[in-house]
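Undergrad: Listed here are the chains, written in short residue letters.
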Amino acid sequence: MTWISAYGCTSAAGFSTEELWFGLNNGLDHSRPIDNSGENFPRAYSFPNKNSNKNQRELLVENLLCSWQQLNKKIKYSEKLGIILASTKGFIDDVVWAEEIPSQDCISPILNDFIERADISPKRTVCVSNACTSGISALFLANSWIEKGIVEEVLLLAADAVGPFVIRGFQSLKVLTMDKTRPFSDVRSGFFLGEATAAILLTKKIGPFFIRGVGIDSEGYAVTRPSQSGNSLKKAIQIAKRNFKNPLDLILAHGTATQLNDKIEDQVFYDLFFERKEFPTITASKWSIGHTLATSGILDLILGCEAIKNQKVFSIANSIQKDPNFLCEYLTLGKSTNRKVDNFLVSSLGFGGLHASVIVERG
Amino acid sequence: MRIVLHNHKIIWPPPKEPSWASRVERWYQLDAAAYSIAETFSILQDKISKKPSLLILASPLGSMETDFQFVRGNYSPSKFVHTLPNIRSTSLLQLMGWQGPVLCFQNDPFTWLTALIEAIDLIGPNHQEIWVIQFKKTNVQGNYEVSWAQVLNDFDEGKISQAFLIVSYLKGENVKKYNALKDQDFWEWISKSHCSRPFLISKEWSLSKNE
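If you're matching them up, the sequences are chains A and B in order. Residue numbers for the first sequence follow my numbering, beginning at 0 and rising by one. Residue numbers for the second sequence follow my numbering, beginning at 8 and rising by one.
Restraint-style ranges between C-beta atoms, simulated for each label pair:
(1) A:242 x B:54: 34 to 40 Å
(2) A:237 x B:57: 22 to 28 Å
(3) A:278 x B:150: 55 to 61 Å
Calculated from the structure, these hints are not laboratory results. Please read these numbers as outputs of a predicted model, since none were measured by experiment. Just so you know, even glycine gets a beta-carbon here, dropped at the ideal spot from N, CA and C.
In isolation and in its complexed conformation, chain B is listed as follows (with noise of 0.2 Å):
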């Protein structure tokens, strides 16, 4: 098994028309993660030619900011829509010109953590590549993150348990319960790692950190 990381910091609302605008139907009517997540897969499209066999959303705080929004405007529907987290992969789908299995998944504050642990048991011969996309606001205003985990059936499935392996390996720990592992925990340690390149972290499992 191995996950390749993708790390992209999006501006919302978009300085220009995106070059994907006339592949997603009323591009303009997106929502900050709609948007975000659809602009990214524009960047990494070259990098990750293969498609998955599942898609992973992983929404903390669900779609609140949206949310928020709606009750704060006009009751648009077209802003309605969008306070389903799951609708953000939409946009994502048109520009894929993909259909399968979507499950949008909120445990917050462990909800990457656990998005990412669940495609790492789901990985197997039913599924060679998953992806796990997250999205989340940044403390800076009109700043946001999308992280995009390819979780890759490349090697023969370990026999190793699970996901206490990642994570322990994650805080420099032997035994450590991965829900104990906040989702922040895990990017403090992801932005200090020195995972520049990628490495194993056992014989089935690596972890590549791609910016």
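For reference, chain A alone in the conformation it holds in the complex (with noise of 0.2 Å):
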């Protein structure tokens, strides 16, 4: 039995989750497009202290200390702590523009300085990088690493810049749009890039939410897309509903406002919730900050915590109206947002056919 204690994140809302969680209640979209304009991109993107000297790896580690100095500062460890840190990229592009391939990988050095200024000693340290479901890929780990009494709690941290590369990179898939991220909506046409950092912490011993399941699956169909039935993604949902019987109040979708991504969610949703006379509230958090890469299923963890804290959630304010052709209902602006919500639902999907979900409910 896994529980979350505490959490804490930054993002291009501000150093806290009450910024983040204000943010998105009041309509407020903190992501903005790309400069497409020459080639000088930003190091820093939308990270709240962006406008500091430091390079890539000292911006990670700092505000990822800043997302965990929000937990509670008198928890004491227990011996058998363990830290996992979910990126894609972590410091690329500190190292990718010089003359030679360094010697170690650009995600685990983060860790390491991290557990150094934070002063703490854990047993057990790895670093997933599962594309954009990396963070709950971790949970996924983490609540394995618990079950199985491998250690009794675990610092779940994600981190994610948005520098050159990243931003070359999404901008030769042609995902980004230049009006705004509008998931669900009939006028979707892609995403803004953003900056994000988290830190959960999870433990054996009973806390205000408890993970329910948490399911993964990949698929082999193509690099870059999920295939069309959306298999995959169902599988990674049944393997996190396995146990838990209860109506879903909330999903947080992925919701990245690309025409296929929402339409096979739209899909998975429809079939093993809406088909079957259950119909959750679903809403989704990348209108306001941007898609934040490994960090953004934890993100959204976070968020359904706090639907379920103020019993309350967040419309998708860019959306004024959701695509005709979808067969679910969002969240989109000018709805109702107080609801009940005893449990929620993540959905995470990534390149290469990953697919991630996570229930958690009040504890």
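Combine both chains into one complex, guided by the hints.
TA: In structure tokens form, the structure reads like this:
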């Protein structure tokens, strides 16, 4: 049994979960398009401390420490503490423009720096790099560690920066919009990128939120797109809800606002819930802070916990009208956000046919 | 528990079209890692008939070589997708006709051992067979190495603590904290070792080397 006992984050909304929650509930879009005009892509794109002169590695560590400090500072960690860092590209821009290939990857040094500066002594550490499902995939591993008694607590960290490398990559894929991120909308055209970090403390001791199940699945259908059937996402959700028998209250969708991803999520949510006369509220967060890559699933997990705490959800304020071809209902602009929330599901998709999902209940 | 290791040297770019070309979408766009893993599977598939319940990718250096190629080329989208180290499993999954959980780990300079230890600890009733696959560049230009470990739950789960035993054995010491042993030490040991035949590490664990 794994419980969430505390969490914190930084994002384009600011240095705290409260600022993120406030922005989402007040229709604030903190994200912005990439300047397409020239070569001078920003090294730090949307972190609140983006104007510092620090390199990507330092910036990521600094933001991770800020996320971690939002957990109760008086926490006395178990001697059997594990730490997992989820990231897609770490501090890639600090190394990839140099002459020579470095001798170490660009994710694990972030974890080492964090451990040193936080002055904690984990029994076990690893970095998970599962594209944009990295956060929930790391949660899958953390849950396995706790359930098998390998550790008693896991500090799960997630961090990604958006620099020239990532921007060039997503531009090449033509998935970035110059409009706004409008998940599940009839006029959706892709997403903005966003930077974020997050920290959550998972424990086997009873806490305010309980992880009911985590599922991950990977299909070899294609490199960048999931299969039209949504089979793999469906499987990941079915694994997550294996031991969950209650009606689902809320879905925090991946909601990238790309044509295909939103369509597949709609089909899967319909097949698994709406067709069975279950009508969870569906919302998404990327419209406000951009697509935060490895951190996105963990931010949605934190937002689901906030929804339980506040008995309120946030709408997809950039989406005025849902795609008329979609089968499910979405919390588009203007819909009531006062909802009973005792549980929620997070859906996460990544390149390489990766899918991940988690179901969390009030503790 | 039993671990079977397979090690293969792969040349990339490939000298000719691979036998599995028609089964992988746009195989010619694969990077060295994705190609090498797919090629190794095609060599090994008769020896490893079972499918795993979990696939672990050990990715020392992440996808750094492809990252460098991406920014020094024309920012090709087909190159960019391979700058995510998990992508190297996509062609493998197509060849295997398999769908399931995949985890991609980095923990340099302990990436391989970390991945192996994770597999050892996760094996049990829920996972009867876990594959740990590592891709790395060798010192010879165009030569790559794929290491493939089948971690099998053949025996009753041992009561002896985790991976300490395997690493202690590898180092020839009774007690050695695993993270003091770097991947390089492991490979040096394995290359010089006497393990040309399967042997038992303990009643519960064995290690064999197939080349």
